[in-house]
Amino acid sequence: MQSSIELRRDPAVQYVLRIGDTCLILGQRLAEWCGHAPVLEEDIAMANMALDLVGQARALLTHAGHLDGQGLDEDRLAFLRDERDYCNLTLVELPRGDFAFTVVRNTMVATLLKLLWERLAVSADAELSGIAGKAVKEARYHQQHSADWVVRLGDGTAQSRARTEAAVARAWRYTPEMFDSDAVDDAAHASGLGPRWSELREPWLAEMTLVLQEAILPLPPASAFRSTGKFGRHSEHMGFLLTEMQYLQRAFPGAVW
Amino acid sequence: MTAQDDTQGGQEWPLWEVFVRSKAGLDHKHCGSLHATDARMAIQMARDVYTRRQEGSSIWVVRSDQIVASDPGEKAMYFDPAEDKVYRHPTFYVLPKAVDHM
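If you're matching them up, the sequences are chains D and C in order. Take the first sequence: its letter number 4 is residue 3 in numbering that gives the first Met the number 0, and every next letter is one higher. Take the second sequence: its letter number 87 is residue 86 in numbering that gives the first Met the number 0, and every next letter is one higher.
The list that follows gives simulated cross-link-like pairs (lysine-lysine, PhoX-like), each with its CA atoms no further than 25 Å apart:
no.: 1; chain 1: C; residue 1: K84; chain 2: C; residue 2: K74
no.: 2; chain 1: C; residue 1: K22; chain 2: D; residue 2: K136
no.: 3; chain 1: C; residue 1: K74; chain 2: C; residue 2: K28
no.: 4; chain 1: D; residue 1: K133; chain 2: C; residue 2: K22
On the chain C side, residues computed to face chain D include the following (Cβ under 8 Å):
no.: 5; residue: H34
no.: 6; residue: A35
no.: 7; residue: R39
no.: 8; residue: V48
It is worth saying that the hints were derived from the structure and are not from the lab. All C-beta atoms, glycine included, are put in the ideal place defined by N, C-alpha and C.
Could you build all of it, start to finish, from the sequences and the hints given here?
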């Protein structure tokens, strides 16, 4: 059994991990669709997106490891941290749900990541800026593909509409967390590493409003609920996800294939 | 929206033929088919199914039922007569040395 690693509490590392872990955990959730999607073509599309996200996570975790300076590589960061040391948005760790929930969540996260990558393309950190330049193209496609599904399902049959509306209502409760800024964001803003996530709220809301309008779905009311995944305090689902995701590296340390 | 709408899910989506151009200047080549509800979805699905390994720089899709094909039963009548018309190949022309490898 491999014991857990610990990171230094450095704001730049935290900032990079919030993005990297959000990509990693959504990639893990999306991969759960492999072999289970409604049609073969979409099965491949979702596996592609999951792999894009894992690829982005690899680059970001590797970079976080460099910034942390303890010689930790992407695998150890991905698989050997305790739950509280993951900084992903709570939204991405929620169970995969039905197809409607999956495409709604993908649209929300892809829109956020796209806006973030666009800003990070001019980061003072050359490595992060390089990762962003490549990832923004992937995020744009993820957003288009997922938003198309939201529109098709929202403006579809009575059944698809009911499910999509329920999915939006459920996922929307987790949006305030995206734009909660703190000292980590302030430090990133000050050093030119990246924007405060709170700055992304207006453009994100504008893009999501367009998608929901086209899908003929109402914009849900703002929620008073505050999830806290990116600060390390996760939902009850995170432990189960990590148990499955970490099992191999914990049981067989350093295993490769 | 009617109850009938909800039964549509049981029907097959239309089939599309996919043509991918590997790089600018080359022609689009037929590479397979897929199911999609409309042209926009067909292009996206084609991107995800047929260009995952850098196969493409451009995609065409066309509804399979829009392709008019020659009748396999008429194969002999259509194509066999060309067999003994070797004079239709340009190999009988003598090219000037300057353009030898045309």
